[in-house]
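Please put together the full structure from these sequences, using the hints given.
Listed below are the residues making up each chain.
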Amino acid sequence: MLIYTFRRLLISIPTLLFIAFVIFMLLELAPGDPMAQMPLTIPPEVKEKMRIALGLGEPWYVRFPLWLKQFFIVEPQYWIDSTFGTNFADGKQRIISFQSRSPVFDTIAQRLPQTLWVVGMSYVVGVLIALPIGIISAYRQYSVFDQAGTFVSMIGFSVPPFFSGVLLIVIFSVQLGWLPSIYDTTLVVRDWATFKQQMLQMVMPVMVLALQTTATVSRYMRASMLDNLSQDYVRTARAKGMTESVVVLKHVLRNSMIPVVTVIALGIPAIFGGAIITEQIFKVNGLGQLLILALQGSDIPMVMTITFLLAVLIVVMNLIADVLYGILDPRIRYD
Amino acid sequence: MTDLPQPAVAVVPVPAKVRNQWWDVWAQFRSHKGAVFGLGFLIFITLFVTIGPWLWTVEPGKLDIRNKDVRPIYQVLFDSNANVSWNHPMGTDNLGRDIMANIMQGGRISLAVGWTAMVLAVFIGTLVGVLAGYFRKADGLLMRFTDLVLALPLLPLLLVMMLLFRDPLRASFGPENGIFILIVVGIGITSWMQTARIVRGDVMALKEREFVLAARSIGTPSRRIITRHLLPNVLSPIMVSATLGLATAIITESALSFLGLGFPSDFPTWGKILFDSVDRMTAFPERVIWPGLAISLTVLAVNYIGDGLRDALDPKIRGL
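Protein sequence lines, in the order shown, are assigned to chains A and B.
Per my numbering, numbering of the first sequence is gapless, rising by one per residue and ending at 335.
Per my numbering, numbering of the second sequence is gapless, rising by one per residue and ending at 1320.
Since the hints were made in silico from the structure, they are not lab data.
A portion of the hints provided could be inaccurate.
[To be verified] Simulated restraints on C-beta separations:
no., chain 1, residue 1, chain 2, residue 2, range
1, A, Y233, B, F1211, 36 to 42 Å
2, A, T243, B, N1233, 43 to 49 Å
3, A, V189, B, R1066, 48 to 54 Å
Only a predicted model underlies this, so the values are computations on that prediction, with no experimental measurement involved.
Even for Gly, the Cβ is constructed at its ideal location relative to N, Cα and C.
Here it is as structure tokens:
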């Protein structure tokens, strides 16, 4: 198992390098000029100097390794310095955003908590709703509850977040006036009142994202439970005279969770993608909104770094899912 | 093993009428209520957006500032003073453009993008899947490539592609066609991977079967084995993933339009109409709800069709 994990880690290095290269070359073809926002009165030779100052003067085969070095060596050094008070980085050049002229990672660090709060909460809520639905749907297959569960997950698959979010705003903010439609990120949770306010403004974005998660996970949970409920060991357990709750919740559920856990791990990158749209609807100033703003402003280093971080997340989650599958299921042997 | 002497011709009870297998598939499909409703709705919405503009001859882009902000006709039920008019049953927007005409026009583009992108994705997926499954030499390379594409963050990359290639393609193919090609190709090349994996798995299992061996033993070339023996047998997973592909393509196109990176605003699509209406949804919620309902119901219908097809095309379930 350890050898397998190590081998997978080694394979993921060229994968990530290739992905970084694809994203870099795609951005390299960009006709969008970061200097387009500058006043027209700037003379061309000054403009050329400004381009060089932004680091655009060198060809791609110089800039790509430079970006890799900044991402993998310089930025972690700065991170270690700020955490432990050491001085590894020694004033080296960081990845600088074209728009704000500040280090890309500082901006990302400012935006990350909002996204993590909304995305993390919605994933937890979505999974917590999905598991009981999946279990009951499988245990009472073809019952009214199962039909309703199927219908709800079909809706979860079919209604895009930009419609469900807008619909929730129309109902709960416009008609009923219960929930705020805009997520206020300046809110600091100090006491009970602000905590309540924070919870209220999180309800809608979390529910929109959770609906998608619930749809997928509950389907997998149901299928996996159905597979296990017809197995011989279930009949044995019942024949031994175990109560129904022990059979279902101890024997069947634990075995059914094995594939579901990997599905949960694999779904994490997808929900970050979904957050791009949800943040746009509820005006959360998280990573997704940062990406959209950077795209519109041709902020190449910012787009490159955020997109690559998402790719890292996908690769890492794939790895975790595979390793978890091997750990949880002793029948799986990778070597 | 001793065989009893058999009569030369086995007596097979010949059914009175030989049935095509597609009739069985259709019979099974019809027993799935959701799928039938889905098919009905898909036919309805297709007719609505194709034939609709012939019957409802209001120009979708026509500005009529005197009749702006007309509410949909059902508002009369709640408020007898509401500004409604039978000339605009779904209402008009803030520039007096008729919403029903816009939904029809937008649906044409949304459905066209969805179908074309789906066909492209299924074509690439099937090609890669068959090649990887049939030719062992190509397998490693093609599947590594598929895994790499699967590891790409697709929505951000699609957004980047929209932004980068919008202007060059608009310059060379005209504003509408350029964006159409860009969106279709973008969605197509980012959603073929699942089809490729499924097709590869099925082809690998099929090519070890006796009928393929028999075909090869009489000297059938690979090309003909693939088209004549393998493709018909992987048709059902392809059809199921095609329906899923259609649903995702419609949603992706709407999402791009919603993020402001799709068609320009004088070419309405459902996602674009939704996006344009969000700012004024507090006063006019119906402008958000019409296109949103159109997207959601179409995708729901397509998903139900896919569910029904999966059951109907599975010979193990069929006829039960």
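Going down the list of hints, with the structure as the test:
1. For the pair A:Y233 and B:F1211, the supplied restraint of 36 to 42 Å holds, since their beta-carbon distance comes to about 38 Å.
2. A beta carbon spacing of about 47 Å between A:T243 and B:N1233 agrees with the range 43 to 49 Å that was offered as a hint.
3. As the Cβ distance of A:V189 to B:R1066 is approximately 51 Å, the hint placing it in 48 to 54 Å holds.
Of the hints listed earlier, there is not a single one the structure fails to meet.
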